[in-house]
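Once you have looked at the hints, place chain B on chain L.
Going down the list, the protein sequences come from chains L and B. Read in order, the letters of the first sequence are residues 2 to 448 in the numbering used here. Read in order, the letters of the second sequence are residues 921 to 1068 in the numbering used here.
If you are wondering where the hints come from, they were derived from the structure by calculation, not from laboratory data. Glycine included, every Cβ here is placed at the ideal spot set by N, Cα and C. Be careful, since some hints might not be right.
Pairwise CB distance ranges, derived in the manner of DEER restraints [to be verified]: (1) B:Arg-994 to L:Asp-149: 42 to 50 Å; (2) L:Glu-309 to B:Ala-993: 37 to 45 Å; (3) B:Glu-940 to L:Leu-402: 50 to 58 Å; (4) L:Ala-151 to B:Glu-940: 54 to 62 Å; (5) B:Ala-993 to L:Glu-385: 23 to 31 Å; (6) L:Asp-149 to B:Glu-940: 16 to 24 Å; (7) L:Ala-381 to B:Gly-1041: 25 to 33 Å; (8) L:Arg-69 to B:Pro-996: 53 to 61 Å; (9) L:Glu-47 to B:Arg-1023: 31 to 39 Å; (10) B:Arg-926 to L:Gln-141: 24 to 32 Å; (11) B:Arg-1037 to L:Asp-149: 49 to 57 Å.
With a cut-off of at most 16 Å between alpha-carbon atoms, the simulated EDC-like pairs for lysine to aspartate or glutamate come out as follows [as the list claims (entries may be wrong)]: (12) L:Lys-278 to L:Asp-253; (13) L:Lys-278 to L:Glu-258; (14) L:Lys-388 to L:Glu-258; (15) L:Lys-162 to B:Glu-964; (16) L:Lys-162 to L:Glu-207; (17) L:Lys-162 to B:Asp-957.
Letter by letter, the chains look like this.
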Amino acid sequence: MSARRSTEQGTTSVRRPSARSRRIVVEALARVEGEGGLTLHLRGGEVAGVELRIYEPPRFFEGFLRGRRFEECPDITARICGICPVAYQTSACNALEAACGVELPPALAALRRLLYCGEWIESHALHVYLLHAPDFLGYQSGIHLARDHAQRVAAGLELKKTGNRIVEVVGGRAIHPVNVRVGGFFRAPARVELDALVGPLRRALEIAADTVRWTAGFDFPDFAMDYDFVALARPDAYAIERGRIVSSSGLDLAPEEYESHFVEEQVPHSNALQSRKKDGGSYFTGPLARFNLGFERLSPEARRLAEEVGCVPPVVNPFRSIVVRAVELVFACEEALALIEGYREPVEPAVPCVPRAAAGHGVSEAPRGVLYHRYRIDAAGRVEEAKIVPPTAQNLRQIELDLARFAAPRLALPEERLTWQCEQAIRNYDPCISCATHFLKLDLDRG
Amino acid sequence: VVAVGRADCGDDAAGALVLEQLAGRLPDRVTPRAVDDGALGILEAILDCRGVALVDAARTGRPPGTILRFDVARRPLPESLGSASSHGLGLADALELARALGRLPPRARVWAIEGERFEAGRPPSPAVVAAASRVADELLAWLEIAPG
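In isolation and in its complexed conformation, chain L is listed as follows (with noise of 0.2 Å):
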């Protein structure tokens, strides 16, 4: 607990410099991951400016990676999130197995898949229907929603425990699994601790599918971009764990490419660095890009019931993200049921992982989008460079222009309300903070 109040709508306020020129400042985001605000400049009656401040201070992950072992990456940088820590896990893992050449087998590579599952049903549940649902249906944060839906809430919650218990099952705990490891796990799962998730995951589908339905029937805000979808692909499956990098204006890309089309940079209100396509344009990665890029390899009831509401790429209203994160739910407890039918207990937890002096490269797609790790290490297995790309910082580009996007039309509307839809567009990325404010390059001026 501390003294900071924590706010249920971000708190407003309202500079007025002249009555031709205004400024909107939200100063503390809500029911977003982490700490930052937003400025929307106005001249004459239009939007002259977008800065989403993330103030959340630099936490230089990369810097202090520097030294350590490389079997430590994966354990170290899942502390990045408590929401997403299989993804930097998996991130970490690819590219650390590509650097000392391994590939993992089949077993481990499903087991692997089947915990990231249960991750993408936590943080889904946790977004869908305690973020992201109460701005849909009117409701000031998911406490509210809960008093007069107290059914739909608890069921969404029982939905995100399941995602728990497979990261528990699998990982060893539920937040910042520890059976993790470069080369594949610690420890396998036996037979029968997966078959006791069975019947809660079949419990699961059918309350995503509920979920579907529900988020379906919301009234969506009037908008749409022309967006350039970047998310991972696989020929055999929906790309989670790992994939090429591919893009809707046709980049087909392996993860060794990806800073060749893609640069971080600083922006001077940001603790975050934002990603841009090296031509300079911005980009959206995360659940729709996934869909839109990849439906044809979503699992049969997920694409059936997405079909059923109407859902079906190319799906360019970013607010429509919360049904996409409803057919997701549906799709990963679909594929956590048939990695789970399909497993053989692996003969070793691991394959061995001999270092070498080289880079890896690895990607997968955390519940937010695509998420880059490089690392290159010594021979003695050290590292000596780490970089690392979440996906929030890859979308912040673009929830800026989707704001300036956004509000022009609704500048007429009270201020409380254009906060409130502002804060909603944002939601969209379901953005964490924590994970985008990874790095800072600091500069000294000592005269």
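Chain B only, in chain L's frame:
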């Protein structure tokens, strides 16, 4: 009995210290739990219990070691004790969510111990260690267990 907070972050260990004091002194009907993953972890720990005692660290500007007590079954935690955790959801939110779901235990009490340092890796301050011992005794009395 639910201890909220990180045992390795200075005075955030207040709850964990109380659990240490209670080790071996709780009957089978009382389950000790340590939760460090925010509102939903707390929620899972308290839903549908017959009674719950929660212990957390607080940072309100009072002298370190000050003990604050709240009957949360009767009314929400005061706003001045808002939460500081992931997605802005913390103890107060967990309690209100449980209340909204109609599943807040009929007996629910929070002990909050004022801390002064919360940095990772630091030990708890002496004032908080002493307060934790007093809270453990109060808690046993509340549970109607004679302090041993």
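*Would you check the hint for Lys-278 of chain L and Asp-253 of chain L, treating anything up to 16 Å between C-alpha atoms as holding?*
Judged against 16 Å, a Cα distance of about 14 Å means the pair holds.
*Between Glu-47 of chain L and Arg-1023 of chain B, is the Cβ distance one that fits in 31 to 39 Å?*
About 49 Å separates the Cβ atoms of Glu-47 of chain L and Arg-1023 of chain B, which means 31 to 39 Å is violated.
*asked:* Taking the Cβ atom of Glu-940 of chain B and the Cβ atom of Leu-402 of chain L, is their distance within the range 50 to 58 Å?
replied: 52 Å, holds
*Is Lys-162 of chain L close enough to Glu-964 of chain B, meaning Cα to Cα at most 16 Å?*
8 Å, holds
*asked:* Run the distance test for Lys-388 of chain L versus Glu-258 of chain L: straight-line Cα separation, threshold 16 Å.
replied: Given that 16 Å is the threshold and the Cα spacing comes to 14 Å, the pair holds.
*Taking 16 to 24 Å as the hint, is the beta-carbon distance of Asp-149 of chain L and Glu-940 of chain B inside that range?*
With Cβ atoms ~41 Å apart, the hint is violated.
*Do the alpha carbons of Lys-278 of chain L and Glu-258 of chain L lie within 16 Å of each other, as the hint requires?*
Within the cut-off at roughly 13 Å; holds.
*Is Lys-162 of chain L within 16 Å of Glu-207 of chain L, Cα to Cα?*
14 Å, holds
_Taking 49 to 57 Å as the stated bounds, is the beta-carbon spacing between Arg-1037 of chain B and Asp-149 of chain L within them?_
Between Arg-1037 of chain B and Asp-149 of chain L, where Cβ atoms are some 41 Å apart, the hint is violated.
*Just tell me: holds or violated, for the beta carbon distance of Arg-69 of chain L and Pro-996 of chain B against 53 to 61 Å?*
44 Å, violated
_Outcome for the supplied range 24 to 32 Å, where the beta carbon pair is Arg-926 of chain B and Gln-141 of chain L_ = 29 Å, holds
_42 to 50 Å was suggested as the range; check whether the CB atoms of Arg-994 of chain B and Asp-149 of chain L agree with it._
22 Å, violated
The structure fails to meet hints 1, 4, 5, 6, 8, 9 and 11 from the earlier list, while all remaining hints are met.
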